[in-house]
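Given the structure of chain A, go ahead and fit chain B onto it with the hints provided.
In order, the protein sequence lines correspond to chains A and B.
Residue numbers for the first sequence follow this note's numbering, so the first one is 5 and each next one is one higher.
Residue numbers for the second sequence follow this note's numbering, so the first one is 5 and each next one is one higher.
FYI, nobody ran anything at the bench for these hints, they're computed from the structure.
Incorrect hints may appear among the rest.
[To be verified] Think about it this way: if two alpha-carbon atoms lie no more than 27 angstroms apart in a straight line, the pair counts; the simulated DSS-like pairs of lysine-lysine are:
| hint | chain 1 | residue 1 | chain 2 | residue 2 |
| --- | --- | --- | --- | --- |
| 1 | A | K294 | A | K313 |
| 2 | B | K34 | A | K317 |
| 3 | B | K115 | A | K92 |
| 4 | B | K317 | A | K55 |
| 5 | A | K236 | B | K115 |
| 6 | B | K317 | A | K93 |
| 7 | A | K115 | B | K231 |
| 8 | A | K115 | B | K115 |
| 9 | A | K313 | B | K34 |
| 10 | B | K56 | B | K231 |
| 11 | B | K92 | A | K115 |
| 12 | A | K108 | B | K219 |
| 13 | A | K108 | B | K236 |
| 14 | B | K317 | A | K34 |
| 15 | B | K294 | B | K350 |
| 16 | B | K108 | A | K231 |
| 17 | A | K236 | A | K289 |
| 18 | B | K261 | A | K24 |
| 19 | A | K231 | B | K107 |
| 20 | A | K236 | B | K107 |
| 21 | A | K107 | B | K231 |
| 22 | B | K55 | A | K317 |
| 23 | A | K34 | B | K55 |
| 24 | B | K108 | A | K219 |
2 protein chains.
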Amino acid sequence: MARVFNFSAGPSTLPEEVLKQAAEEMLDYKGSGMSVMEMSHRSSWYDEIHKKAAETLREIMNIPDNYKVLFLQGGAHMQFAMVPLNLKKNGRADYLVAGQWGKKAAGEARKFVSVNVVASSEDKTFSYVPKIDKSMLDPNADYFHITTNNTVYGTRLRDKDIVCLDNVPLVADMSSNILSEVYDVSRFGIIYAGAQKNMGPAGVTIVIIREDLIKEVEDIPTMLQYKIHADKDSLYNTPPCYSIYMCGLVFEWIKKKGGVAAIQKINEEKAKLLYDYIDSSNLFKGTVEKYDRSIMNVNFKTGNEELDKKFIKEAAENGLVNLKGYRTVGGMRASIYNAMPVEGVKALVEFMKEFESRNS
Amino acid sequence: MARVFNFSAGPSTLPEEVLKQAAEEMLDYKGSGMSVMEMSHRSSWYDEIHKKAAETLREIMNIPDNYKVLFLQGGAHMQFAMVPLNLKKNGRADYLVAGQWGKKAAGEARKFVSVNVVASSEDKTFSYVPKIDKSMLDPNADYFHITTNNTVYGTRLRDKDIVCLDNVPLVADMSSNILSEVYDVSRFGIIYAGAQKNMGPAGVTIVIIREDLIKEVEDIPTMLQYKIHADKDSLYNTPPCYSIYMCGLVFEWIKKKGGVAAIQKINEEKAKLLYDYIDSSNLFKGTVEKYDRSIMNVNFKTGNEELDKKFIKEAAENGLVNLKGYRTVGGMRASIYNAMPVEGVKALVEFMKEFESRNS
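Bound conformation, chain A alone (with noise of 0.2 angstroms):
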């Protein structure tokens, strides 16, 4: 079978030429006469691999020196608890909640911090980005958590318009859209993002986190320490190799495309695509505000379940998959990440044409 359009929400899509180089590396990397699966992770090899991904990184984000980069494992439910127990010194938090993750995010952290819901939008099943001034900050919280893009409903908050106050570190979940979009790194105290969408296969969580944020924490579990992988540069213990490899191979992609803000014009364009055609059409209808429309995942619906569904399935048989919404959303959602080439965003507005014109 050909290679199918992928429009999963995570573990997600993935250059074909870096797959490729991938297999092509498998059993031997470089003339090294085994695969980067194989190697100590301190050897010469996997050294140079390890400090060139995070090099690659720095580049094509923009990231100032007095940041490091962090691979860690356990994706961002890992980091819904790090943050607090690394960041906690007044034992307050605020949290920005526009969607699913960040709710979860202020869940975890209600273990170990009292957490201030700034703001919400719960109310309209997510479907929008709360507006907050500073006023409605707390200058005494230890940080305040957002979430710059919203995997499950669609919504994105873009850097101009993230309102923070100067000396309460801002921390962002940006698993869904790093790398997908300019943010100002030197605003950010730290930012993480698992990287099965945008990245490298799941497995591997990148940190950046402002140096000065960086304290000795003792009681808590070592692995749960940012200061023990950033003293030891991700090589505290034995990291994920291989997902490390397979993101600085994603990096490179990344800055051969021309970098972050070249990417985001393709992507701007994608969306443009899809969201146009959503709009024009009679059958089917975006479910967010449109200032607030995600540019990495789309969602959309007939307000026909068995509609839905057909398209779904029909959709998949033409090489379209993994349309599906999230279970609690429901209709379709097209996942179009970095690596979702724009004859796939084409092939599915084709689709949907065609499907609309059968079914109306």
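Chain B alone, transformed into the frame defined by chain A:
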């Protein structure tokens, strides 16, 4: 370059046929049109991979029905904390310390429980496994922790030599010899192992846990609770899917070889080839008590640091790589895990003979 014989202690060599299959399936897993890395962890494609990996492991390890098999993240280091955090009751635990990893495990546990070191072989740089009897064990300990194979120093604790109490859960770190020899799982409360020696790429940790030990522990990070992962069949959050897929392929490979008992026989033969030569050599000496010798990690030295260096360098030039001993031990270490073919061990012995004849 041809494939080398890779004696790395971990991450370490994998079966060539497994790597070949992974390379072949990289862009299109069995007609799915996508890589395993690109699959939603909620898809039926991945579900089958996930379940089959656990089932095959159950089969080859003969895991009783009242045990759960979990695929977690964070390596043995994370288990060093998860074990005390989840099994804590009386707040006391017994540790047998026969190597660096056992010592680390005990050190981490001290953050959470009162640790009693039942016996330690640190007095003789861990060159043997301490012998104990039941009278030395605390009947009110929450658990008794052992390490079945000491990767750094090259010793092992055989199944038949394990001393434990019936009413105290036995917890074993099997990271470096799981699936290499037969252990009776029914004696254990928890067995855990990082994948990167005998199972697959770094980034997934296998935990085999008896069901009665799985209980609610509310005040710790959700990701550190065995119960969450057991209840959700290791799909509470996105698991390291690709690493689990690779482990599944390795489990199948072991099954095809005849299972763990058959692999053990091969491993014993491989180890004997090497130890027999070391014992007959005038140049090379083993470094641990003969009875306690590991069949996975074979340490030896010439007694002359310069000569050791020369050996390691020349061996590498002959395609026998990663023979350098651990930094705290020096000398040489040949890790001959399941995936190291007997040809690799024979080639090493031949090279040792040749080196000895040139240097004595």
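Here is what the structure says about each hint:
{"no.": "1", "hint": "A:K294 x A:K313", "in the structure": "holds, 25 angstroms"}
{"no.": "2", "hint": "B:K34 x A:K317", "in the structure": "holds, 20 angstroms"}
{"no.": "3", "hint": "B:K115 x A:K92", "in the structure": "holds, 19 angstroms"}
{"no.": "4", "hint": "B:K317 x A:K55", "in the structure": "holds, 25 angstroms"}
{"no.": "5", "hint": "A:K236 x B:K115", "in the structure": "holds, 21 angstroms"}
{"no.": "6", "hint": "B:K317 x A:K93", "in the structure": "violated, 51 angstroms"}
{"no.": "7", "hint": "A:K115 x B:K231", "in the structure": "holds, 17 angstroms"}
{"no.": "8", "hint": "A:K115 x B:K115", "in the structure": "holds, 19 angstroms"}
{"no.": "9", "hint": "A:K313 x B:K34", "in the structure": "holds, 25 angstroms"}
{"no.": "10", "hint": "B:K56 x B:K231", "in the structure": "holds, 21 angstroms"}
{"no.": "11", "hint": "B:K92 x A:K115", "in the structure": "holds, 19 angstroms"}
{"no.": "12", "hint": "A:K108 x B:K219", "in the structure": "holds, 22 angstroms"}
{"no.": "13", "hint": "A:K108 x B:K236", "in the structure": "holds, 16 angstroms"}
{"no.": "14", "hint": "B:K317 x A:K34", "in the structure": "holds, 20 angstroms"}
{"no.": "15", "hint": "B:K294 x B:K350", "in the structure": "holds, 21 angstroms"}
{"no.": "16", "hint": "B:K108 x A:K231", "in the structure": "holds, 18 angstroms"}
{"no.": "17", "hint": "A:K236 x A:K289", "in the structure": "violated, 50 angstroms"}
{"no.": "18", "hint": "B:K261 x A:K24", "in the structure": "violated, 30 angstroms"}
{"no.": "19", "hint": "A:K231 x B:K107", "in the structure": "holds, 21 angstroms"}
{"no.": "20", "hint": "A:K236 x B:K107", "in the structure": "holds, 20 angstroms"}
{"no.": "21", "hint": "A:K107 x B:K231", "in the structure": "holds, 21 angstroms"}
{"no.": "22", "hint": "B:K55 x A:K317", "in the structure": "holds, 25 angstroms"}
{"no.": "23", "hint": "A:K34 x B:K55", "in the structure": "violated, 34 angstroms"}
{"no.": "24", "hint": "B:K108 x A:K219", "in the structure": "holds, 22 angstroms"}
When held up to the earlier numbered hints, the structure conflicts with 6, 17, 18, 23 and fits the remainder.
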